Amino acid sequence: MKPLLSVRNLSTRFDTFDGSVYAVNDVSFDLKAGETLAVVGESGSGKSVTMLSLLGLLPRSTWVTGSAIFAPEGFELDLLSVSKAELNSLRGNKISIIFQDALRSLNPVMTVGEQITESLITHHQYNKNGAHKRAVELLEMVGIAQPDKRYYAYPHMFSGGMRQRAMIAIAISCTPDILIADEPTTALDVTIQAQIVELTRRLQQDLGIAVIWITHDLGVVAGLADRVMVMYGGTGVEIAPVDLLYENPGHPYTAGLLGAIPSIAGSSADRLVSIEGAPPDLFQEPRHCQFAWRCRYVFDRCWKEKPPGYIISPGQVVKCFYDGREKTPRVEE
Amino acid sequence: MLRYLLSRLISSAALLLGVLFLVFMLLHLTGDPVSLMVSRYASPEDIEALREELGFNRPLLVQFGDFLSGAFQGDFGSSFRYRQPAMDLVLQRIPATIELASVALLMAILMGVTIGILGGSNPNTILDSIARGIGLLGQTIPTFWLGLILIIIFSLRLGWFPSFGRETFTFLGLTLPDQSIVLPAFALSLFTTGQLARFTRSAVMEVMNEDYVTTARSKGLKKKRIYFKYILKNSAIPLISIIGVQFSYLLSGSIYIETIFSWPGLGSLLAEAVGTRDFFLVQATAFFTSLVVIGLHLLTDLVYVLVDPRIRYR
Chain E
1 MKPLLSVRNL STRFDTFDGS VYAVNDVSFD LKAGETLAVV GESGSGKSVT MLSLLGLLPR
61 STWVTGSAIF APEGFELDLL SVSKAELNSL RGNKISIIFQ DALRSLNPVM TVGEQITESL
121 ITHHQYNKNG AHKRAVELLE MVGIAQPDKR YYAYPHMFSG GMRQRAMIAI AISCTPDILI
181 ADEPTTALDV TIQAQIVELT RRLQQDLGIA VIWITHDLGV VAGLADRVMV MYGGTGVEIA
241 PVDLLYENPG HPYTAGLLGA IPSIAGSSAD RLVSIEGAPP DLFQEPRHCQ FAWRCRYVFD
301 RCWKEKPPGY IISPGQVVKC FYDGREKTPR VEE
Chain Y
1 MLRYLLSRLI SSAALLLGVL FLVFMLLHLT GDPVSLMVSR YASPEDIEAL REELGFNRPL
61 LVQFGDFLSG AFQGDFGSSF RYRQPAMDLV LQRIPATIEL ASVALLMAIL MGVTIGILGG
121 SNPNTILDSI ARGIGLLGQT IPTFWLGLIL IIIFSLRLGW FPSFGRETFT FLGLTLPDQS
181 IVLPAFALSL FTTGQLARFT RSAVMEVMNE DYVTTARSKG LKKKRIYFKY ILKNSAIPLI
241 SIIGVQFSYL LSGSIYIETI FSWPGLGSLL AEAVGTRDFF LVQATAFFTS LVVIGLHLLT
301 DLVYVLVDPR IRYR
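Those protein sequence lines, which keep their order, are chains E and Y.
The numbers in our numbering rise by one with no breaks, and the one at position 52 of the first sequence is 52.
The numbers in our numbering rise by one with no breaks, and the one at position 145 of the second sequence is 145.
Simulated from the structure, these hints should not be mistaken for laboratory data.
A couple of the hints might just be wrong.
These stretches of chain E come out as covered by chain Y in the derived footprint (C-beta under 8 Å, 3 or more residues) [what the hints assert, rightly or not]: (1) 94-103; (2) 114-122.
Examples of chain E residues lying across from chain Y (beta carbon under 8 Å, computed) [as the list claims (entries may be wrong)]: (3) L57; (4) N107; (5) V109.
Every value quoted in this text rests on a predicted model; they were computed, and no experiment measured them.
For each residue, glycine too, the CB sits at the ideal point set by N, CA and C.
With the rest of the complex left out, here is chain Y:
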């Protein structure tokens, strides 16, 4: 187990390095940022001087090495725009994204798994068709369009929820979002809901045909017990990896949703940083996002050991 963990950590670090390299190179393919930072009337000499000052005239690999050694010490450079350390900006945005991702995931699990179970345990019925329909819709409705529609209906028409921003209140010393999170979280969750509904449905259908379910019935067990101990417990196993992957996707922040709802999270920060070609800020965001994704994937694999006794890592 320890050896497995160690090798996974090493490969994760290599993966992270690769992602950072890719992000760095792609950013620099778009040209250097200095031309955007100076006024239109700056002379070529001024631009060159600024380039010299910020180090953008050095070979790319040297710049990448510089960035890495900084990153190792927690220094990801400063945002050009905010004139603040890039990582500080990222860290400020994290709570909002975690809130949004967690609420969205919770909604998706509640809706998706329930719909999937209902459909999967009543195959080829109206209930099943509805479940399949929702699964398909969830995965095909464009989130930005859905976000706009939700705003029109629930904020503008009905006035139930605010159309943008994040409001919080304090409860037992915790800062929690108020109803302002409902619309963005719902819009964000729908894709995951669809995916979970589809996977849960097929997992349940598959498990219901397993021989051990027949055994359970041949033992004369109560329906409830067969359902929970045999069907659902076994169906849950393949869902873990999907939930893990989906959570990492939600946590990396949704650019569309956060932008539409002006939710001050990582997604809107990234959108802004890319728009203003704020190189260091993009890199810091990318670093954090990849860290979360890679970390959650590792965690997902470890959770399997707890749920499925057949899986042991060596």
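Same shape as in the complex, but just chain E:
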């Protein structure tokens, strides 16, 4: 079956006064209808920028190349080459996004209810009354008590968890095909995090939405994702089904990340492993493996060219010249 979204060689560059920032470099991935893809990586690894590039939400002095074929039922188009108007008709309608900081992401001077009605009126030709009724239903769906009263509340009157629920209500209002969740639980405390994750999963199952969940928390990923893309230095270094990734990480960076998760079962004598060094300088155009500076398996080829994607098991693609299983550099076939 054709993937719902097929991103190929996506690169994003910002031009700043200090020079060009190579924020995303050659990212490729597929998203199937209804599945959850987690995108994991440290701050500055290009997770958010990748998604904002797809939606055309980046500032003017940004260069995006590559392709992103979006193929829901009935039509097919490239998100990176459609007209602005066409893209705008997809945003909030077929593809929605929720952000990390719900307080700052909601308009402070508009009622929560009205903010939910906006997409409905824009994309689905609801009238004011119909949109109002639907917004109250949506508030109830995302678990906000007294939805008909809360419709008239302003964002600052909500708690952090409620605001994120309201954001979700906005995002799912038009029943999109894809929901991009850009670290939606990072600003929340742990119990609320779990509730939001649970809510998203429930809605996803009920509505059949594909979810791209951006996070730097591998703990969240395990319980949520079908597949995982690990990003480093602006590129997707590994993509794998979630259990395969945890059992048998193919990229030294993934292995490093997994080694840095504290385990409640481990003995206190086990020290958490940290990855030596700092993230790469994004002002340099990448000409070799971005992880080479910090990699313990680095050898001369890593400094000469960018590793292509190697399929090491079904569904597992790794961009690394080192074969962890054979404990040798990879041999080209």
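Got chain E sorted already, so can you dock chain Y onto it with the hints?
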């Protein structure tokens, strides 16, 4: 809300009292007015007699108390020069000043906010540079010089507007100024225009980078809606306080502009009163002006509640 209002009213009254005290003391630092009122040939005995008669020989605090108790009853003393109650003179001048201030404010909002929006929503373009230039010019051109230049160009050369005075006509029972208000109002407005342009520009630029604008775009909303409901509505909030403060400044009457254009408002009255050391008239004008400024500041804070749902006073 009521408690907040009450405490604000009390502190406003204290502030007003302080201003009056300051004005009173500063006036008396310049010497007493009697020496100006008598002829050069008056004998010291005559001067002393007049001083006695007008009460200027009493201790200052007693005189201030006297002034206050009068003021409480609406009696601000009589102008030495016009031989009329000082407050009556002030009240006669108020309509002219309100007209001038309102027209100037309207011009400033129309020009300043528009320029600011254009500049702020197109940062680092030619439009933005023009907006910044106008903002800077508006705040740096001396108003009296601008007034004179306007007179030279638009009255003397082109003859489009009168160079001085205030003419009115009656429309639907209202007394309204005719084109004689255009030049003084424009000259007066330019400083406020500059300030509004600068503040609007930075407010719009700031709001455009807010996360909720990205959200609005991610929802696929129409440009117009994002602009009005998200960017402009949020940018307007910080502007309210500036408009309030600027209006109170305009309403207290511009000494330069009213003098240059012989506009019969509070500013020219004050200039005249200070020039002739007409103590009671200065005090009455100062009282009225401070009342307006303090009142408008209070009003500005109250308007916030209407515009920004996050603000509630307790």
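Problem set entry | Unmet hints by their number, sorted upward, for this structure | none
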